[in-house]
Structure formats: C-alpha cells, structure tokens
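Engineer: These are the residues of each chain, in order.
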Amino acid sequence: MTSKERVKAAFAFSQPDFTPLDYFATPEIEQALCKHFGVQTSHEVRDALGTDIRFVEPVYKGPALPRYEDGSKMNIWGIIKKPMPNEYGDYMEPVNFPYADWTTIEEARQFSWPDPDWFEYDSISAQCDRYPDKAVFTGGFSVQDFINGVAFGRGVEQVLLDIALEDPVYLHIVEKRHRFYMEYVERTLRAGGGKIDAVLCGDDFGSQRGLLISPQSFDSLFAPRKKEFFDMVHSYGAKVTHHCCGSSRRLIPRFVELGMDALQTIQPQADGMNPYELKKSFLSQLVLHGGVDVQGWLQNATTEQIRTEIRSLSEIVGKDGGYIMSPSHHIQPDTPLENVLAFYEAATEDRPA
Amino acid sequence: MSLLTEISEMLQRGKAAEVKNLVQNAIDEGTDPRVILEEGLLHGMGVIGEKFKNNEVYVPEVLIAARAMNAGSEILKPHLADAGVEASGTVILGTVKGDLHDIGKNLVRMMMEGKGLEVIDLGVDVPPEKFLEAALERNADIIACSALLTTTMTEMKNVIETVAGEGQRDRFRIMVGGAPVTESFCKSVGADLYAPDASSAADAAAALCREKRAG
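Chains as they are written, first to last, in the numbering used here: chain A, 69 to 421; chain B, 1459 to 1673.
These are calculated hints, taken from the structure and not from any lab test.
Misleading hints may appear alongside valid ones.
[Said to hold, decoys possible] Residues on chain B that point at chain A, a partial pick, calculated with CB under 10 Å:
id : residue
1  : Ile1485
2  : Val1517
3  : Pro1585
4  : Thr1608
5  : Pro1654
[Claimed, not checked] Which stretches of chain A does chain B cover? Using the computed rule of at least three CB atoms under 8 Å from a CB of chain B, they are:
id : region
6  : 231-239
7  : 271-281
From the three backbone atoms N, C-alpha and C, an ideal C-beta is built for every residue, glycine too.
Just chain A, with the same shape it has in the complex (with noise of 0.2 Å):
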C-alpha cells in the first residue's frame, strides 16, 4: 500500500498493511529532529520519520502582518502572540486582545477582518503532486476554533460567560470566523481537484475532567456551523478530521451524528479518552487520530516502554482500520529527543526501507 490508500484504508475502516502514522511537535522538537536528520524542512523531516501525511496550504498574499524585536507577531485575526520563554523553550502566548472591550456589534464590524482573497490558491495543485503516494491534508487547529481562537482575541474568561449568556458580540465575531473558513477551505479543495484527502479543523471542547460547555451549548451554538462545514468538505470527497483537546466523551455521539470522521488529539490521561477504551466503544463510527501520550508520558517514559506501547497500539486500535497514529498533541519541548526517535521508530520498524 502507499501511504495514501494507506490512510484511506484507516478512514474507511479496512485493515491497511501498516497503522499510518502521522506527526505534531512544537518548533523546539521540529528544529532538534531537523539537526538530528540533517534537513531542513518540516515536510523532510516527515520523511526521515517516515509519516504518511503532509499538509498543503494557501499561500498568503495579504497585508503585512507586522512581526515585532521581542519575537511576537500578529495574526490575520488581529491577534498579536509573544513568545513565553520557559525551561525548554517558549510557548506563543496572545498579548492584545483586540475583542475584549466591544459591548456592541457595530464595534466588531469595524474591525479589518481577514478575507479569503488575501491568499492564493493556485499552486493547491502543484503542492498536492509533489506527494503523490502521500495523504495529502490542508487545515489546522486553527480551522473553526470558535472558542480558542476568539478568546485569544477576548480573554478565555469573557469567552466562556460569552457562551453561557449567547452573547451577540460574541456569536458575530464566531460566525466572522466560520464563513472565513468556509470560503477559504472551499476555495482550497476546488483547487486541490480531488487530490486533498482530508482537512484537519477544530475547537477544544475539553477540560481535562470532563466538557467545557455544555452539550446544550455545543447543540446551539457550535453544532450547525461544524455540520455545513463537514458537508461542505464532503462534498469535495474529503474527509475530516476534528481536533478537540482535553474530555469530548461525551460528545462523540454527536461528533459523529454530525458527520465527523475522524477526532484528533485523543489525549489518554483525560477522562474518558482511553484510546483502547474509544475504540471498542465506538468502533467503525469514528477514525481516532492521536493517542501516543504527549501530557507527560512521552517525556519520561523508558525507550522500551514507548517501543511496547506503540506496538500495542498499532495492532490493538489499528485493528481493522479506524486508527491514525500521531502524538496526542504537538510533542511538547521537555521530550527527550531520543523518546521521540523511539516512538517513530516503533511505529514504522515493519515497513519494508
């Protein structure tokens, strides 16, 4: 099999000749697996990995977006991030929230919002043949993300009152972002002509014990928007796979209801996401993607104990297909490299060189 019927396979719960296997990782872990590999790309060093996917976007022609002497810069949504040095590294943390004082709607009209003609998408296609035995997928956690990524804009806190009291500023900024998404997805498919497999989107719906929201909440405020954006994307032969962070057990009857195919992160130490667990629960409804520990077990587990692991969920959850293997978030900085070597390694140590 190739990589893509590889995948493929795994979507249409079919057992493929090896679980595939896909990669996340924060620049600190990109940039040690670069050096290690002697490359220089992030598509390159998912080749020396051996992983079955890579990712194609638009590329941006769009205002400057300014980038600033400490290291921070701004997004398309106005959202300006810096970088929070710790221990290992950094992590991008918002610093303006542009959002946070509007009472009033016509406030969030006034606001410069991104639009899909600040990209091109004409060399969709071209990206999409420079893998043609690769999956190919476009998207990211950025996709949707009408919590996260509008409380980066107005406080994670007003946000989730925002979500209690369906506040009308809030629902104008959420829906801002879902026709941006629509148009700049639907326009990205169009041009890939058939040959984009999957789009990645998402929101985080999770807390580490249990929903954020309400499932009254999710019905009516996220569930209409994420249903016309996954038939949107059915519509081009694609499939989708949604990332949620945290407990989303609870919702995965709905997930599927409405019409998800695959959910991402699959993070095993929150509760009730047992990917073993998921698996026998919700067998051939829903492709799980993720499940390799990144919460603290990846960073201190022993190079044997990851090799057992990954084996076992290899041929346990990728047991007739329904399974794509990857890190249940990005692989986080404090992760030795040689565990993250490990884990690639396991995965992949059948596959014919």
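Could you slot chain B onto chain A? The hints should help.
Structural biologist: Same frame as chain A, but now just chain B:
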C-alpha cells in the same frame, strides 16, 4: 420561598442583578449579614460547586454564578465588616512563572471564595519569590500554584524550594493543580495537596484552613 433560598437559587442561575437586589432586601429586612452570606451566597455557590464536580454544569455556568456571587458580595461586604465577620482562611493563588493560562486558576479562586476564603490572586507568570512575599505579607494559610503546561509545572518545585529556602516551609500549606498535574507529581515535588478539579480544591483548602486554625 424564603429570601435566602431565593438568593441561592438566583445565584445558581447566574442572575447577578437579581442576586444584588435580593441581598439588599435581606439586609433591609434586618437579616444577619453572616446568615445572608452562609445560607444565601455560599449555599448557592456550594450547590454549583457540587454540580460542577459531577459534570452537571460546566465552566460557563460556574462563571456566571460566580459573577452573581460577586454582585451580592459587593453589597454585603461593608455589613460583614461591621458585624466583625472574618474570612475563614487566606489563600495566595497564582499561575507559575512562564505560564499565562488562567482559566483553571480563576475557577479555583471563585470556588474558594464560594467557601468563604479570602483569595489573593497574583495573576499569571508569577515568579516563586512573589508567592512567598505575598504569603508573608498577608499572613496566609495556603499557597496555591497552577500550571497548564508540562514545561511550566516544574516551576512548582521552585516555589516550594523558595519557601523552604527562606525557612518558611512549615508556615504555609502548598497546593498544586492544573491539567498535567497529578497526585504523584504533587508528592514528587513535596507539595502538600493536589486536587483534580476546582471544586475539590476549594473543599480541600477550606478543610486545611480549619485544621490549621484549630491547632
């Protein structure tokens, strides 16, 4: 329905303006401010805390309930001071150095205030010395540290070492919490207490303060 029950129920539904009015009515009727606090506001917040622990309500509902409690507290505070009512304990709270995530910490603050504790919230990215400085200044019972990232939770050890380094380890109880924090992590860094959620953290803090003040 009694006025106190009504305060508790409106608080649970996050109705800030109603709670504020009802508290004022109770004061006007001559109800003991301590009773308004305990049987109205803290009762309501206690119910929300239990429901939160049991996944019956979620963070947004807790936030609007806490907002309603604050609206009521503002009115009640001067009357409590006049009646000589003091907080049952003082907690220094913050997210550790290098970490800007604060929703978990803020929930802990709301739940602790809902137990009648005084909480000094130092905010985010708090260096170890600041935790100690505030604890000494406020003569606190507890220092509580929060972190979301595996890369920043190691800072909790530095807080404990800083407190111990100044010979103050026995004076304060130290609590740790946050998504990647576990009971075994708590033990390994030498903290006194870990709680898996904000409501349990508030229960534990209230119990610690009772024990500490009892003897």
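Engineer: Next, verify each hint and record whether it holds.
Structural biologist: Now for the hints, and whether the structure bears them out:
A cut of 10 Å between beta carbons decides the hint on Ile1485 of chain B: the least distance to chain A is about 27 Å, and the hint is violated. Hint status for Val1517 of chain B relative to chain A: holds, with the closest Cβ pair at about 5 Å, below 10 Å. Annotation: interface hint on Pro1585 of chain B violated; nearest CB of chain A at approximately 12 Å, more than 10 Å. At a threshold of 10 Å, the smallest CB-CB gap from Thr1608 of chain B to chain A is about 5 Å, leaving the interface hint in force.
Evaluation of the Pro1654 of chain B hint against chain A yields a held restraint, the C-beta minimum of about 6 Å falling below 10 Å. Using a Cβ-Cβ cut-off of 8 Å, 3 residues of the region 231-239 of chain A lie near chain B, which meets the minimum of three, so the contact claim holds. Counting residues of the region 271-281 of chain A whose beta carbon lies closer than 8 Å to any beta carbon of chain B gives 7, which meets the minimum of three for the stated coverage.
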